[in-house]
Amino acid sequence: MEVNRRDFLKIIGIGGATAAMAGCGTQPPESLIPYVVPPEEIIPGEATWYATVCRECPAGCGMLVKTMEGRAIKVEGNPDHPVNRGRLCARGQASLQGLYNPDRIRQPLRKGTDGTWGPTSWEEGEKVLAARLAELKGRGGRVALVTPLVTGSLDRLIDDWLRAVGGGSRLRYEAVSHEPLREANRLAFGVAAVPFYDLEQAELILSFGADFLETWLSPVEHARQFGAMRTYRDGRMGRFAYIGPRLSLTGANADEWIAVRPGTEGVLALGMIHAILAEGLATALPASEEAAFRRLVERWTPVETAEQAGISPDKVRVLARAFARSRPSLAVADGRTSNGTDICLAITLLNYVAGNVGRTVRFGPTAAAGRTSPYREMRTLLQSMEKGEVSLVLLAGVNPAFTLPEGERFRKALEKVPLVVSFASFPDETAMASHLILPDHTFLEGWSDAEPWDGIQGLQQPTMRPLYETRALGDILLSVAKQMGLQQQLPWEDFPAYLKEQWKGLHRQSGPAEDFETFWARALQRGGLFRPVPSRPVRLNPEVFRHRFEAPRFAGESEGLTLIPYPSPIFYDGRTANRPWLQELPDALTQIVWDNWIDIHPADAKRLDVSEGELLRVQSPLGHVELPAHLSGGVRLGTAAVAVGQGHSAFGRYAEGRGANPLPLLPAEPETASGSQPWIATRVLVTRTGRRHLLASTVGSDRPHDRGIIQTIPLAEVQRLRHPEKHPHLLQMYPEHPHPKHRWGMTIDLNACIGCGACVTACYAENNIPVMGKVQVAKGREMSWIRVQRVDEGASHHPEHRFLPMLCQHCDHAPCEPVCPVYATYHNPEGLNVQVYNRCVGTRYCSNNCPYKVRRFNWFMAEWPEPLHLQLNPDVTVRSMGVMEKCTFCVQRIQGGKLQAKAEGRAVRDGEIVPACAQTCPTRAIVFGDLKDLDSEVSQRSKDPRRYRVLEHLNTQPAITYLKKIIAGPVEG
Amino acid sequence: MSDLTYSQVDRDILRAMQAPGRLYYVVFFANLLVLAWGIFAWQYTIYRGLGVWGLTHPVMWAMDITNFVFWVGIAHSGTLISAILYLFRVRWRASVYRTAEAVTVFALLTAGLFPLIHLGRPWFFYWLLPYPQGGGLWVNFRSPLVWDVFAVMTYMIISVLFFFTGLVPDVAVVRNRTTGWRHRFYAFLAQGWQGTDRQWRHYKAAYLFLAALATPLVVSVHSVVSWDFAQSVVAGWHSTIFAPYFVAGAIHSGLAMVITLLIPLRRIFRLDTYLTQTHLENLAKLIILTGLIVGYAYVVETYIAWYSNNVPEWQRFVYQVTGEYAVLFWIMILFNSLVPLLFFVKRIRTSTPWLFGISILINIGMWCERFVIIVTGLAHEYDPYSWGLFIPTWVDISITLGAFAWFFFWFLLFAKFLPVISIVEVKEELPPPMKSTGSEA
Amino acid sequence: MARPSAGLVGSFRHLDSLLEAISRLHQAGYRDLQALSPVPHHAIDEALKKPPSPVRVFTLIGCLLGAATGLVLTIATSLHVSLITGGKPIVSIPPFLIIVFELTILFGGLLTLGGMLLNARLPLVHIVPAYDPRFSEDRFGLWIRCEVRDFDPVTRLLESADAEAVHRVGE
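Chains S, X and H, in that order, are what the protein sequence lines are.
Residue 113 in my numbering sits at position 113 of the first sequence, and the numbers go up by one each step.
Residue 303 in my numbering sits at position 303 of the second sequence, and the numbers go up by one each step.
Residue 94 in my numbering sits at position 94 of the third sequence, and the numbers go up by one each step.
Read the hints as simulated data drawn from the structure, not as lab findings.
Any given hint might turn out to be false.
Once the Cα atoms are required to be at most 30 Å apart in a straight line, the calculated DSSO-like pairs of lysine-lysine come out as [what the hints assert, rightly or not]:
| # | chain 1 | residue 1 | chain 2 | residue 2 |
| --- | --- | --- | --- | --- |
| 1 | S | 943 | H | 88 |
| 2 | X | 204 | H | 88 |
| 3 | H | 50 | X | 204 |
| 4 | X | 435 | H | 49 |
| 5 | H | 49 | S | 932 |
| 6 | S | 741 | H | 88 |
| 7 | S | 898 | H | 88 |
| 8 | S | 66 | S | 965 |
| 9 | X | 435 | H | 88 |
| 10 | S | 741 | S | 774 |
Simulated DEER-style distance windows between Cβ atoms [stated by the list, open to error]:
| # | chain 1 | residue 1 | chain 2 | residue 2 | range |
| --- | --- | --- | --- | --- | --- |
| 11 | X | 298 | H | 93 | 50 to 58 Å |
| 12 | X | 298 | S | 613 | 45 to 53 Å |
| 13 | S | 701 | X | 267 | 35 to 43 Å |
| 14 | H | 68 | X | 267 | 30 to 38 Å |
| 15 | S | 613 | X | 132 | 52 to 60 Å |
| 16 | S | 228 | X | 299 | 56 to 64 Å |
| 17 | S | 657 | X | 136 | 53 to 61 Å |
| 18 | X | 298 | H | 56 | 40 to 48 Å |
| 19 | S | 837 | H | 68 | 34 to 42 Å |
Backbone N, C-alpha and C fix where the C-beta goes; we use that ideal spot for every residue, glycine too.
Next comes chain S alone, as it looks inside the complex (with noise of 0.2 Å):
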């Protein structure tokens, strides 16, 4: 395996050659409609953007890309996407990092006899995959295609293909999946699929462990809806719980959380049904169900129920009441323990009689998240492979030696199998298990769509020249089909033919108000085709009253801490843990950074005697890893846990050796009623090692030493702030300088952060900030203009985190200014505090005299290994050793913008100007525009009651006003 890989980056390097001569084509790929400019107007140094759909999660954002010269090198919301409306998370900003990979598989590769890798050509690698199919065909069965969740066309494909040759399983695996949700829906209403949530128009949200706002479903469109839920609005604001063992980054974000007994969250949702109808509250629900009801949880009367989830029956009673009362109101589950479906069919219940289901929770659009394999099937794969039934393995985009439990045993399969065929675009744990690997594009390369939701068809178009001898699936099926001969079959001449057809299908439905071609090409310019689904009512299935609820069961001593695994809010499920934007972005909660860790309560610590940064071999009954402790009041005593998505055997230089995967310490056995696989299964022993291991935080300290920075109001008090509150006014010495024609300003709403971190890595693309790496970071070097600021106010075993983006202040009195000796930093007359870089001699006097330390110095000389390179924005400087540098409000994009008005002969607009960091923001928690233009957003929301500024009394006057974060305090009943 480690031979293999060392020849594999050998062989890479071969490919590094034509890398560059790959980026060079000035012209984009042909019949492409860009999203604003026709190609025929491309002009050296002008952007040209495309709409496309973001495949870094099954999510399905919208996404524009900016290409210059032929170079994607920034990505963005596309505003015109009903899932994300224009907005990003990290992941999505650091697809392009996928892109420019250093690690990425350059050209066709086979395994020889001696398991070296060596370079091969496409039609030598299609020829060995359609004769070993054409050998198959017939004996049906023998061939085996995983794919991760394909939507839209390509999946269509993909099964018409294998149908065309000779069949044989299809597997969509996701790691990250929601099988038990699907399935607790069939169980409820005989439907099996993923409803939509509808956060938004929730006043109440509960969520069982589902971390809405990083990994759970649609992140980026819950994050939004979280926002506009959580706005200020006379008097009131959304209220949300936060139920699970572990505070996530989401549950960080709520009013409370109740940190319940792993896998008990179905028995406080039926002992909130219990309470509820107690005390009469199910007003929706009919008689006749009510009694039914009433027998099925009868055994959870609030005191057993508080009993088992380890709380005290009050809150199991207020839960209920405020549950009840607030209309609508809305849970959201996710199973992720042996019981994970009886989870998600208990809250689903729950949701059912306090009426949501129809409002809250709308079957239609449903989420194409319900279309995924079960992990069962994956485990029987596995277990054919074993026996040798299976003759072909084709994987495409998925990893499983590295997401499943058995990661190992999946591998030593595979070596079973005469035949595996990877399509992977990187050297993972599972493509180096192949024979051959033909390498898809990356989604930035190649035509597809996507069909998040019924109705959402997100339409992919390629936005650069392929960077490498890459092909794209759909192509090579279709090759393969064709020297198969099976040209009646698939007579698609590629896979964008193919496309098309499918969407004349659609242009047919959509009814043909238009001709095909500018439909297509509206299509193409919007980014797809959204059309609005209506939700059908679903009917209670009378079954489900006899349903028996289980007890989650664990493997593993009962003295052993119980272990949960989560989803990285970073790296999802590890397939973007080779972004090193992503390794140097501070965790939301711990500010850790190029690591993974194990959670432990500290009180448990103490009884371990195990100390912050200590290396712990972490012991379950399938196995063991080794992870450095990080003590968090934010895991349940008794539990502790661990990011998945770090822990490479190979992926990359950026990804490998770092942390380790904790998968493999889990049992297999799946979820009996859902078939999916519990995370959340076992108890680990923890012992100490002995040695330390560094952990790189981007922290000083985190708690807030009474300076105010992060400031906060209670619900009850924002009423009373009737009259804007005016800022200090403290005496000046000098008069105010003028700002002839703009006073850029920036707004940020402490209330809407949920400290996601998306700014931040939007900052490092749009601005060229390199990646300095953990051991710089340990030294406090990271070079971020703009970080996600956490505080812990809470008490010493119960956090309560506060986050607040930190990017320069743009101060009309900055303290870096005068002290510069050469005036490489100065006050420009539309309010920016701007450095000159080529001007700057190093004195680093303007860093020490700055309060909000947010100005970065040049330690090193930069470096983008090839062909990161490409991604560089050609508008912004490449900053050299020994300067200083930091955040500009994103000038050249204010710049770009005064152009384009001047050239149109108008007034720049009030948010045609948006720094990278507002831009992606998915809360729209950060606001830039004009001061002096007083209708300008920035201008209103610099008003709101809750306004300050950071420091105030150091009179730097800057530029950014924040809006304190509202405290709602624990739910009422």
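Knowing the structure of chain S, use the given hints to seat chains X and H on it.
This is chains X and H only, laid out in the frame that chain S set:
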């Protein structure tokens, strides 16, 4: 001393300038090695970038600026002794001022390097000088760093002038007693001096005015240096007492350094008749004074940190006395303000070993003071999220040692090539030869 | 009358002998005297009735010049660049005064030195024949420029004042 004759003075002082012994060469070359290592460390920094230092965000200044402030401080006592004591006609000054002035000049040569070394792009150091630059740009006169450039430059030039002016009549004596290249060398320095009444008249006038001009510099230069910090918003830097506090500290460390150097000088060159215990005792008395002022400043700093009721200020103070750098803080308190009080005891201030030991402790203490002020202020600034630590690397340390080597390099040359005691001024202190009184020369 | 090139140099062991000689020569009407001594002594200046040194004027001019330069340099360049830093006015006098002060001292010092060199006729390339190295050590010298015919009376005067030796120089 009064029993000396003019020619005896010449002989004694010139004896120090005879060909050096083995010890001298050993010391000199050992020192040269350290200097070379320091230079290598600096070159390495330029090549790799400042990242090879322990600097970090937020501590962007540490040992570099500490060394700068320290050496500028050392310079001060020289000027105090040579200029201020001259104006006050302090007689004992005659035998110590030459060495003290040498210390001033060489300390400035050392201090002057650090503004250069600490730059991120030292190859553009000249951008800090006031000349019309590309696009008609000039330096920013609002920046304390530019004040530094002017203050240190002025100080350096005036000190050098003062030093060499004072040397002229002495080197004339040396000139007369040497031959070959040495003769040419001293002849050049002597500028054709022959001690005519005309020369003496203008010389004395000029010397007086140079002294008068140098005097305010003793106060101003370190005040300006202190404003590098006092002018900032950094809690623990932003303080009005800094100017007097720094000046006192400067003289404090300077005097200590002079004692540290005079004691071996006196021993090696057998100059006890000229550098008597009284001279050292007087210096020790001055140290008591500066030590008390420095101690007072420490107390005021503490009191204000508490009295201002300013959270960052107070927390920084607590951090300073309890945090990672607390040891250095307590060293500074002990060595700078408590140990010097021992000089109140006559037996201690008149005992050479005690003097030598304490003066070295004060040097250490003063270096620590600068480090503590600079680093603790930055390490715990306004935004707790960005608190950070400075941990020196081998490069930081090598450059610091190199700076000391650089200073001693010059001082060792001085000790052999120039009269370490002013011949003329010592003669002036002697009664002139009179037939009437029968006193002879 | 043209200054005689020749002259006599008397060397003395004692300061008072020198002063004695000076006063006697003065009475005898010899004005063109120059003393050489290892150390300065105001008694000598008094005896020779020399005016105070004009170096002070140079110092004053230097200081004024420096101050003016400082003001002009800071204000003019700031106005020329005219960039706002830290919201402070373009012409911020308080910091500029620091530059003014430093330049005052600097220029003052430089012109003082210049004044001295000018007045003391330094640097001197050729040592005057009257100079004897011992005048820098422990002897006092007195150099009288006079016509050859005056040599004998002057010599007598010098010896009467206990001159160790009398040499002829020049001619």
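Violated hints, by number in ascending order, as checked against the structure = As far as the earlier hints go, 2, 5, 8, 9, 10, 11, 12, 13, 14 are violated by this structure, in ascending order.
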